[in-house]
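Undergrad: Position chain B against the provided structure of chain Z, taking the given hints into account.
Quick mapping for you: the protein sequence lines, in order, are chains Z and B. With our numbering, letter number 32 in the first sequence gets 528, and the count goes up by one each step, no holes. With our numbering, letter number 305 in the second sequence gets 306, and the count goes up by one each step, no holes.
Hints are computed from structural coordinates only; laboratory data are not their basis. It cannot be assumed that every hint is accurate.
[Claimed, not checked] Derived SDA-like pairs (lysine to any residue); straight-line CA-CA distance at most 25 Å:
no., chain 1, residue 1, chain 2, residue 2
1, Z, Lys889, B, Gly88
2, B, Lys616, B, Lys567
3, Z, Lys529, B, Ala607
4, Z, Lys885, B, Lys616
5, Z, Lys885, B, Ala607
Residues per chain are reported as follows:
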Amino acid sequence: MIALDEATVDGLATNSDAAKNGKALIAKKKFTKLHVSDDGDLLFGECQGSGKDPYKCSVDYARADQPTFRCSCPSRQFPCKHNLGLMYAYAQKKPFTKAAVPADLQEKREKLSAKKEKQAVAAAAPPKPKQVNVAALAKKVKAQLDGMDVLEKLVHDAVRLGVGNMTAKLAKQMEEQAKKLGDAYLPGARMALNGYTQLFADEGGKFTNKKPSAAQTERTNTEALDQLARLHAVIKQGRAYLKKRLDDPNLEVPTDTAIAAWLGHAWQLAELKARGLTEPDAELVQLAFNSHDDPARQELVDTGIWMTLGSGKIRVTQTLRPYKALKFIKAEDSVYGVVHVKELCVYPGSVNPRVRWDASTTRPLELEDLKKVRSHGRADFAAAVKDVKNVLKAPLADRTPILALNYKTLGKVGGEYVIEDAAGNRLVLTDVGMSEEPPSLGMLPLLPRAVFANQMMIARFRHDLDSRQLRVKPLSLVTEREVIRLTL
Amino acid sequence: MSIAVLSQVYAEARRLAVAGSVVAKGDFRLKKLIPPLQQAGAQAPVFAKVAEAATAVVEGPETGSAEALLELTALASAVLYTQGETGIDGKLEPVESSSLGGSTLQIPAREMKPLLEALKGKGGGRFAPIKEAVEKGHFRDLRLIRPALAAIDDGYADVADLIADKVLPMYGSAVLDELKAKYDLKGTKGHPRRLKLMHRLDAAGTRELVKDALDKGSKEVKVAAISCLGAEPEDRDYLIEQAASKTQDVRAAAYEALAKLDHPDAVAVLAKALQGKDLFFALRAIEESKNPKLAVLLATEVRTSADALLKTKDKKKASDIADRITDILNSLPDVTAPELDAVLLDLFARRAELAKVKGTTFSGNDVVESVVMQMADGSMAARNALVAAHAELEPSQLQQAFEAGRVCLSSEKLYDTFAPYLTATADRKRKKGKDPEWDKRESILDGIDSDFYLYQWLDPDDDEDDSDLDDSDLDDGPVRERPKPNPYDPRWLDVAVALKHTDAVQALAVPDHAGALAFAQAEFDAALKKAKQPGEVQDQIVTLLRVEHPGAADAFFAGLAKRPKKPQYYQYYWYSNIIPRLPASAIPRLEEALAGFPKEIVEHVAEEWQERITKLKAKHAPESSDK
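Isolated chain Z, as found in the complex:
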């Protein structure tokens, strides 16, 4: 029996338009047949499209954590609107009649299950030692080292020229030259450089001649210098790593530093699994979510902030949706249930490493889960701050780590919002410098009184180099009864 509600189907849709179109098919009564297989695992039907013959669509729950969508329509969206419509119809309890599975569909089902079995057998077998093509690798690493020289030249030129003398025009030229880094197998380094040049672009990522305000220029200068220092670290650490790699072709991508990712190494799930970077049977609760536009990378970034119920570690999921492929990559949505993952893959990283999984099931969030979440909060702010500072001092660290903090009081000191722990340690709240999420402080006075004492805050830390203050932005509050999201 398939358990489906409209919210779950909403979550499966690639974007809100797809969901809307799927629902519209039911409203327009386009489904001429709605069937469910005898075993109850397969929904199939026919939906009238613009052509003469209806589309044959099906949703196969043979693997409950990973449904298979099939449709005879030419859409490149998965699931397509017909699949979504079929699921909405089921969720809306439209009459589905039991019917025998058509032969062609049954054949496909069997093929898939055979393929999966084969994969399972292959996965269970001991991995074959990886053959390294030494000559090809040496060629690639040399190209990368040459790329590092290019990067170094660009960075040093920028420093010699002076951040203050950088103009939008020059930044644009620099971005053009940085394209070479992509050809040198260093896409990550190119992104890091764009992170610098984009400081001189407008909000939409365009280089214009509009003169920024004096205050804006000051902020840009500080950010720019920090970014240059990071690039300096990328060059130093990257070059050392690449040289080692050149000497030892069998050297594995290191998991204790994120340098490989900085250069542009894209970890694959299989690779993470092979390196043992997995956790079995993890249960995750999403505590916050954001979706922001990154013009430097020419993509939208959907970030989920999750706590693992067992360990209380806060990890992030990231879905990168390049502008060019927006229609085909599913936009992530906020998740309100508890996600159970058989095998959670964890990327190398420090405080909030990225996580990924390929199959999951969701169950409703219960009060007991919230109790567990709250038990993982840091009640000693001094110790938490110490840990954060230790993270921040590494040149390639995540500059805005996230922690769960259990506060005794949320109040105000001289117009500033403050949280205080039992020992009287205080942290000042701010929205400044963390624009990925919508501002959240404005919502605090509208919250019920009960949230101002003895609750948990999911907080993003940021050290402001100009004021030299370490402050936090509240993303969510976790009470005994609910997660109050303050951003998305």
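TA: Same frame as chain Z, but now just chain B:
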């Protein structure tokens, strides 16, 4: 102390990075910091390292300046990152919470994100999603309060008005402080909305702001402030004073506020306005107020003006007065008032006299026309009077009398009264020249035709474009209830058939009427015989369907089969409108017909046809019965 030095080093490094590392060599200010760093280095090795890096910057070769400066910056900032200040001194005060109370909700990011973009954006296409969110109650999500507050200044007035009227009031006093903080009495656009909203949420607390706005506000804010007046006796005098303002918008706002007051002084001001150049504003104020007492004013004004109209000899003046009277009659408030009835009946009684008055542009006849229009839609007394006078009415007025009769006469009485106008001409054609009998017959037929909407009958479900939240939902005054018309006497259809009047037969059709069935068949047969293309029999097919002729579906396909040598898509297009009324048995034939269309037709009609066929299938599908 050492950290202070380090901060200075960072500041100098930053300065050099901004200026360009080429000027770093020998930098005097950085150089000065090296000795204290070295000194501190004796205790903490990290300072020694920083001292070394600083030395490399000021003394190293210019070619390595960039690298040296970056090294220094990285070192200094790494230490500073561990020194961020966190605390804050002072007394911890509680947060003044203005909790919303009631139920709140958290909508998924997938719905939140586009809504935030719509609220903050500038382009078109934003109103619909915001309106949809209002309908779904999504604004109970706390995260939308700030964006909604900001949207009160939206450049697109519809969005800003929707937010001010439907969204922000929901938050009640929780948004008052924010509204007050942003409010600027010299402002325009969002600021008048803010003032009105604050007044709506807390009339007493906003009193002072309203007074200030009246005194010193911008024109727009002042107009908004006037609309907030009326609660206090002192307001009246002020409003009366403002009704004489030189600014038109201010006067209009004053009239509207005065129309809401039930006071003789306010009424006097409005009465005066009705006589002068502010007629339009006063009318609008009275119409919106829906106050029956003010309708009396209009009745008096109409009566005096009509007297003047009958007396004047000047054509220009007559035209002006007639224009004013029709303006007033056309904007009567939707209320029941005996005085209004009386004046309508009085003018109606004097219609012959009025009709004689000729003006340059408008004349007495225009006044009579407006009077008849108002009576046809008016009280039972007015309708009865109109019907009673049917024999004396002009042909053009007879339709109104017929429509009035549909409500106030029984089915039989309506037939007995008005059917003779049809039967009188049943056996003859229209006479050449003037033929008032014929005109009267046409007037009645128009009346019959006017309450049958063919498209709505063909496809009653086809209302997808209509939104639930219509603009009319935003008006919330009392509306006069109108009685429903009585059903038609069955004899009407006999007459329509005898007249061979297709439109009337369509409008009056009932099933199993032998005459109507035969008429529809004969009409179709004749048309089909002559037809060269499908479009020429479509009207006859509709008649067959209306009278529920068993051969209607066959006729549909026979019509389609009239294919000319060079078919045009518009000859087929209309047929798709008929599909919803076809029986289930027609489905296979419809599909066959669609498949057999030539290419140039298919590309124009296929989608529409397919959609309607699918809908027809769904309508006749077995499961549709239990929905």
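Undergrad: Give a verdict on every hint.
TA: We went through each hint and held it up to the structure:
1. Lys889/Z to Gly88/B: holds (20 Å)
2. Lys616/B to Lys567/B: This hinted pair is violated, its Cα atoms lying about 30 Å apart.
3. Lys529/Z to Ala607/B: holds (21 Å)
4. Lys885/Z to Lys616/B: Measuring from Cα to Cα gives roughly 65 Å; hence the hint is violated.
5. Lys885/Z to Ala607/B: violated (67 Å)
Of the hints listed earlier, those the structure fails to meet are numbers 2, 4, 5, in rising order.
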